[in-house]
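J.: Single-letter residue listing:
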Amino acid sequence: MTTVITRTTARIVVPIILVVAVSLFLQGHSLPGGGFIGGVLTVAAFTLVYVAYNLDYLEAGVLDREVDYDRHIGQHRTVAAYRRLFVFGLAVVVGSAVAGLFVGSPFLAQTYTYVHLPLFGEIELASAVVFDLGIYCVVVGGLLTIFSVVGAE
Amino acid sequence: MSLALAATVGVLFAFGTFLLLRDDLVKVVWGLAILSQAANVYLISMGGITEPTGDTVPVLAEYYAPFPETADPVVQALVLTAIVISFGMTAFALALSYRAYQENETIDVTEWPQ
Amino acid sequence: MSLLALAPMLAVLLTGTAALLVRGWPRLQRGVSVLGTLGYAGAVGSLCWQVVSGGAVVYQVGGWRAPFGITLVADALSAFMLALTAIVAVYAVVFSVRFIDDRNQRVYYHPMFQFLLLGATGALLTGDLFNLFVWFEVMLMASYVFVAFYGNAQHTAAAVRYVVLNIIGGVLMLLGIGGLYATTGTLNMADMARVLADPGGVTGAVVGLSALIFVTFALKAGLVPFQFWVPSAYRAAPLPVVAVFAGATKKVGIYAIIRLYFTVFGNADLSVAVPGADAGSSIGFLAPVLVLMGVASILVGGLGAVTRDSLDELFAYSSIGQIGFIAVPIGIAAASTGSLRHLGVLAALVFAFHHAVTKGLLFLSTGVIRDAVGTTRLSRLGGLADSSPAFASVMLVGGLSLVGIPPLAGFFGKLFVFDAASRRFAVAAAGTETTAGAAAILLVLVVGAVLTILYSTRAWMGAFWGGQTEAVVRGRIDPVEVALLSTFAAVVLASGVGFEPIVQFADAAADAALDTDGYVDLVLGGERS
Chain A
1 MTTVITRTTA RIVVPIILVV AVSLFLQGHS LPGGGFIGGV LTVAAFTLVY VAYNLDYLEA
61 GVLDREVDYD RHIGQHRTVA AYRRLFVFGL AVVVGSAVAG LFVGSPFLAQ TYTYVHLPLF
121 GEIELASAVV FDLGIYCVVV GGLLTIFSVV GAE
Chain B
1 MSLALAATVG VLFAFGTFLL LRDDLVKVVW GLAILSQAAN VYLISMGGIT EPTGDTVPVL
61 AEYYAPFPET ADPVVQALVL TAIVISFGMT AFALALSYRA YQENETIDVT EWPQ
Chain C
1 MSLLALAPML AVLLTGTAAL LVRGWPRLQR GVSVLGTLGY AGAVGSLCWQ VVSGGAVVYQ
61 VGGWRAPFGI TLVADALSAF MLALTAIVAV YAVVFSVRFI DDRNQRVYYH PMFQFLLLGA
121 TGALLTGDLF NLFVWFEVML MASYVFVAFY GNAQHTAAAV RYVVLNIIGG VLMLLGIGGL
181 YATTGTLNMA DMARVLADPG GVTGAVVGLS ALIFVTFALK AGLVPFQFWV PSAYRAAPLP
241 VVAVFAGATK KVGIYAIIRL YFTVFGNADL SVAVPGADAG SSIGFLAPVL VLMGVASILV
301 GGLGAVTRDS LDELFAYSSI GQIGFIAVPI GIAAASTGSL RHLGVLAALV FAFHHAVTKG
361 LLFLSTGVIR DAVGTTRLSR LGGLADSSPA FASVMLVGGL SLVGIPPLAG FFGKLFVFDA
421 ASRRFAVAAA GTETTAGAAA ILLVLVVGAV LTILYSTRAW MGAFWGGQTE AVVRGRIDPV
481 EVALLSTFAA VVLASGVGFE PIVQFADAAA DAALDTDGYV DLVLGGERS
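Residue numbers (full-length UniProt numbering), protein chains in the order written: chain A, 1 to 153; chain B, 1 to 114; chain C, 1 to 529.
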């Protein structure tokens with residue numbers, strides 16, 4: 001699949017997908033979107049890179065790091081990072097779910113506030129975004145771990 | 001509309017069941033994915049569009065009186081959850097079938113050990 | 001609104017996450033897992049105390065009031081099931097630290113164990129039908145990982161079959177839930193009970209739709225004809241987890257049947273005339289189904305267990321049979337009204353308690369044997385009683401409890417089941433209907449009891465008596481494991497000797513299961529219109 005056409009398409013499409021993913025993620029608490037779908041789209045972008053280039057392209061080509069090609073995929077630095085992202089996301093989800101209990105609100109309770117920023121004007125800050133961020137990390141970390149490990153085999 | 005939905009659900013279930021009965025594991029997993037989707041379409045069709053009142057659209061109750069026609073939001077929430085679950089399950093089933101293929105050296109489930 | 005209802009779930013959720021966070025430090029992870037499970041048991045204990053002494057508690061998640069939000073309901077029935085889950089879980093997790101080898105524990109064993117518990121706890125606590133489905137899936141996800149845990153050809157094959165079966169079950173449950181939502185307009189179980197109790201309401205399709213959900217519950221419980229995943233999955237999963245499967249997650253299926261049919265449908269007028277059921281029972285249609293499945297389970301499980309060669313398979317079949325002993329009294333309860341219905345549910349709960357602790361002990365004991373000898377095949381075992389008399393007596397307690405020798409827990413379980421069956425016979429004899437059905441139930445129960453004696457004796461004699469085989473002579477029984485299990489055996493013994501509090505607790509649980517109005521009031525409270 002690593003033809004010139006796929007590579008060129010990937011170069012153009014991946015940034016667009018990532019931007020859409022971020023916008024879906026940010027509007028998720030009050031409009032269609034959210035952590036899960038944003039995460040899945042992000043994964044789609046990464047997967048496209050994997051398909052068009054190869055598993056090590058992210059590390060060697062984008063991050064410009066040394067890649068040890070002989071190691072088992074389970075020990076790769078990217079995979080370890082995905083796993084950490086998954087665990088981090090889970091911790092954020094649980095943390096944001098429990099946070100309400102400390103201020104006397106129920107488990108999983110959410111709140112929101114409006115802040116005024118220069119240039120942006122009135123924007124809504126929802127605590128649900130933190131929860132969504134956790135979901136986003138869980139989805140991205142979990143799926144990319146699966147894709148890298150199964151893909152490498 | 002409901003006839004189209006019913007037909008879709010029926011076709012999806014028929015096709016999913018057919019794939020499920022094959023002895024090729026990959027087709028079985030495809031069958032599972034299709035069955036899950038069939039259940040999701042079915043769930044959506046369970047909500048329907050109701051006559052709008054202040055009770056069904058509590059968010060809008062304070063704003064204006066002629067309520068717009070609304071789809072049932074509950075089934076959509078259910079389907080979202082169900083999609084996420086079936087997505088995770090399918091991913092797991094695929095990874096597992098790859099592993100099972102490696103261990104058993106065939107994807108023909110009838111040749112596996114009991 | 002009490003945090004106590006949330007506490008057990010919170011305990012496992014935090015423990016599972018913490019165990020993932022510290023996965024780089026295996027010893028710390030084990031410590032977190034064991035302490036967290038003890039914390040879970042503590043939370044369940046205080047919840048039970050609150051429920052028994054102060055009445056049931058309700059927690060509205062996120063502050064959204066029922067029926068709009070998700071409600072956690074901890075009444076006596078939930079608390080009772082949670083209690084037996086907690087007992088098995090504590091012993092299973094401590095045993096795993098010793099039993100599972102270090103390399104395997106380091107993977108995702110402990111976090112997955114906590115998520116298995118989380119699924120079971122959530123399913124027992126939730127008051128929302130769709131949420132029940134979600135917790136089932138959480139529980140299943142963890143159990144898939146455990147069935148495929150050792151990952152060789154046989155294990156992965158068993159796992160694939162298990163996964164396929166349960167995904168189909170999940171789809172069926174979704175269909176049932178969607179249909180119930182369309183007919184009743186609500187997913188909150190208490191609200192659904194209220195809607196269904198309304199005379200003249202739409203109830204026609206409810207019986208058929210609930211059958212779809214029932215299939216999933218029966219699949220979880222491993223009732224015949226949905227039992228065929230049980231032996232291969234139990235053989236594949238690590239034995240401490242099998243103890244939780246047999247002790248706790250199967251019971252979640254039983255709990256769900258009781259909750260849905262007796263609590264939610266309790267006041268509904270689902271007029272389906274069924275021969276052999278009392279006219280006053282609104283869920284008489286459940287009776288023949290459940291009794292037939294239970295009777296078939298007893299026979300299939302018992303006959304299967306008598307013919308198996310390895311101990312883990314023998315106990316796997318045995319737990320199919322024992323689930324039959326739980327299903328039959330529930331079926332009798334569904335056919336009856338008044339005090340006999342109460343007795344049926346009580347019998348099922350008492351038997352469920354007995355089976356959880358006894359089968360938990362037996363599966364963990366099987367683990368000790370596999371650890372020491374390297375096999376659980378009866379043909380390669382023998383003379384274990386000479387190697388370790390202490391371990392032999394632990395297993396003897398489990399075996400005798402399974403058979404139902406007083407004063408062990410199993411005796412009371414069987415006593416209540418036979419009591420319910422014979423009273424059903426008396427009711428049938430007093431009425432005009434035929435007594436053949438009730439007599440057949442009694443007969444099968446007796447046959448089942450005899451089969452239990454047969455395979456328990458076979459397991460005991462094969463493993464512990466006779467000359468020591470070569471494998472047994474070479475093996476060494478781990479004294480720490482035996483010491484741990486002897487305290488478990490003491491629990492089994494104590495729950496038989498001091499049976500009074502348990503039966504009172506089960507009595508309260510059966511009351512809660514049958515008290516539809518109380519459940520609706522509890523959850524919907526002042527909001528009831």
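Where hints are given, some of them may not hold.
To be verified - Just so you have them, the derived chain A footprint on chain C, three or more residues with Cβ under 8 Å: (1) 2–11; (2) 56–63; (3) 365–377.
Claimed, not checked - Residues of chain B placed beyond 10 Å of chain C at every Cβ, according to the derived structure: (4) L5; (5) T8; (6) G10; (7) A14; (8) D23; (9) D24; (10) E103; (11) P113.
Rather than coming from a laboratory, the hints here were simulated on the basis of the structure.
Each residue gets a CB set at the ideal place from its N, CA and C atoms; glycine is no exception.
J.: For each hint, tell me whether it holds in the structure or not.
T.: Hints, verified against the model:
{"no.": "1", "hint": "2–11", "in the structure": "holds (count 3)"}
{"no.": "2", "hint": "56–63", "in the structure": "holds (count 5)"}
{"no.": "3", "hint": "365–377", "in the structure": "violated (count 0)"}
{"no.": "4", "hint": "L5", "in the structure": "holds (12 Å)"}
{"no.": "5", "hint": "T8", "in the structure": "holds (14 Å)"}
{"no.": "6", "hint": "G10", "in the structure": "holds (13 Å)"}
{"no.": "7", "hint": "A14", "in the structure": "holds (14 Å)"}
{"no.": "8", "hint": "D23", "in the structure": "holds (12 Å)"}
{"no.": "9", "hint": "D24", "in the structure": "holds (12 Å)"}
{"no.": "10", "hint": "E103", "in the structure": "violated (4 Å)"}
{"no.": "11", "hint": "P113", "in the structure": "violated (5 Å)"}
Of the numbered hints listed earlier, those contradicted by the structure are 3, 10, 11.
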